[in-house]
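Engineer: Now for the letters of each chain:
Number of protein chains: 2
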Amino acid sequence: MTRHVQKDPYYAVIFTSKLADNTDGYAEISKKMNELVKNQKGFIGVESIREGKNGVTISYWETMEDIRNWSMNERHAEAKQGGKEKWYEKFSVKICKVEREYAFGE
Amino acid sequence: MTRHVQKDPYYAVIFTSKLADNTDGYAEISKKMNELVKNQKGFIGVESIREGKNGVTISYWETMEDIRNWSMNERHAEAKQGGKEKWYEKFSVKICKVEREYAFGE
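Quick note, the sequences are listed as chains V and H, same order.
Under the working numbering, the first residue of the first sequence is numbered 1114, with each subsequent residue one higher.
Under the working numbering, the first residue of the second sequence is numbered 1114, with each subsequent residue one higher.
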């Protein structure tokens, strides 16, 4: 997800996680959230990579308010609760303003 | 890499990449860069994940100037040249200011 002509600033949410041993139900909820997020106001794109138990998902947003709205979305909140109770051993979230970017070969 | 008590703003460099078919020499240079970066002024930490050909590496820095210095480091510049000529089919770099963060289970 790279935008070459950058008119407005935008934001990135870096979500790094380590799965717990019991991931029953995780794949299903994860898929649902990936579908749901695409319809949110201000959503630009998402990149997600997993290597064993460790994952990084970076979502891109037009404004901080769009990020807040998504964080308060009811179904998203339910999924996050499941994440804390069951699926994740640990995770961290960093909300960032993209200051500059460049790309090669895209 | 999560800092719970955040006194000063800091910066993240999101590097997403797709490897080309020929990765001869890549592992060696990649290892060298991982060692070299740890001694750079202002370096805070790095997270790196690969899934097949796709990779995400996020490095954290104290200031934008530290990021600039590392980007101009001579050995780093050589490695980047190799990346463009041989190892990467494509990549993107996003330089971000971390505005807010939280963590669970860390």
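Read the hints as simulated data drawn from the structure, not as lab findings.
Among the hints, a few may not be true.
Stretch-level coverage of chain H by chain V, calculated; a stretch enters the list once three of its residues show a Cβ under 8 Å from a Cβ in chain V [to be verified]:
#: 1; region: 1138-1147
#: 2; region: 1158-1166
#: 3; region: 1182-1190
#: 4; region: 1200-1208
Every residue gets a Cβ at the ideal spot worked out from N, C-alpha and C, and that includes glycine.
Engineer: Given as covered by chain V, does the region 1158-1166 of chain H meet the bar of three residues or more with CB within less than 8 Å?
Structural biologist: holds (count 4)
Engineer: State whether the coverage of the region 1138-1147 of chain H by chain V holds or is violated, taking the criterion as 3 or more residues with Cβ-Cβ distances under 8 Å.
Structural biologist: As far as the region 1138-1147 of chain H goes, the hint is violated, because 0 residues have Cβ atoms under 8 Å from chain V.
Engineer: Test coverage of the region 1200-1208 of chain H by chain V using CB-CB distances below 8 Å; three residues minimum.
Structural biologist: holds (count 8)
Engineer: Quick check: the region 1182-1190 of chain H, covered by chain V? Criterion 3+ residues, Cβ under 8 Å.
Structural biologist: Violated, because only 0 residues of the region 1182-1190 of chain H bring their Cβ atoms closer than 8 Å to Cβ atoms of chain V.
The earlier numbered hints that this structure contradicts are 1, 3.
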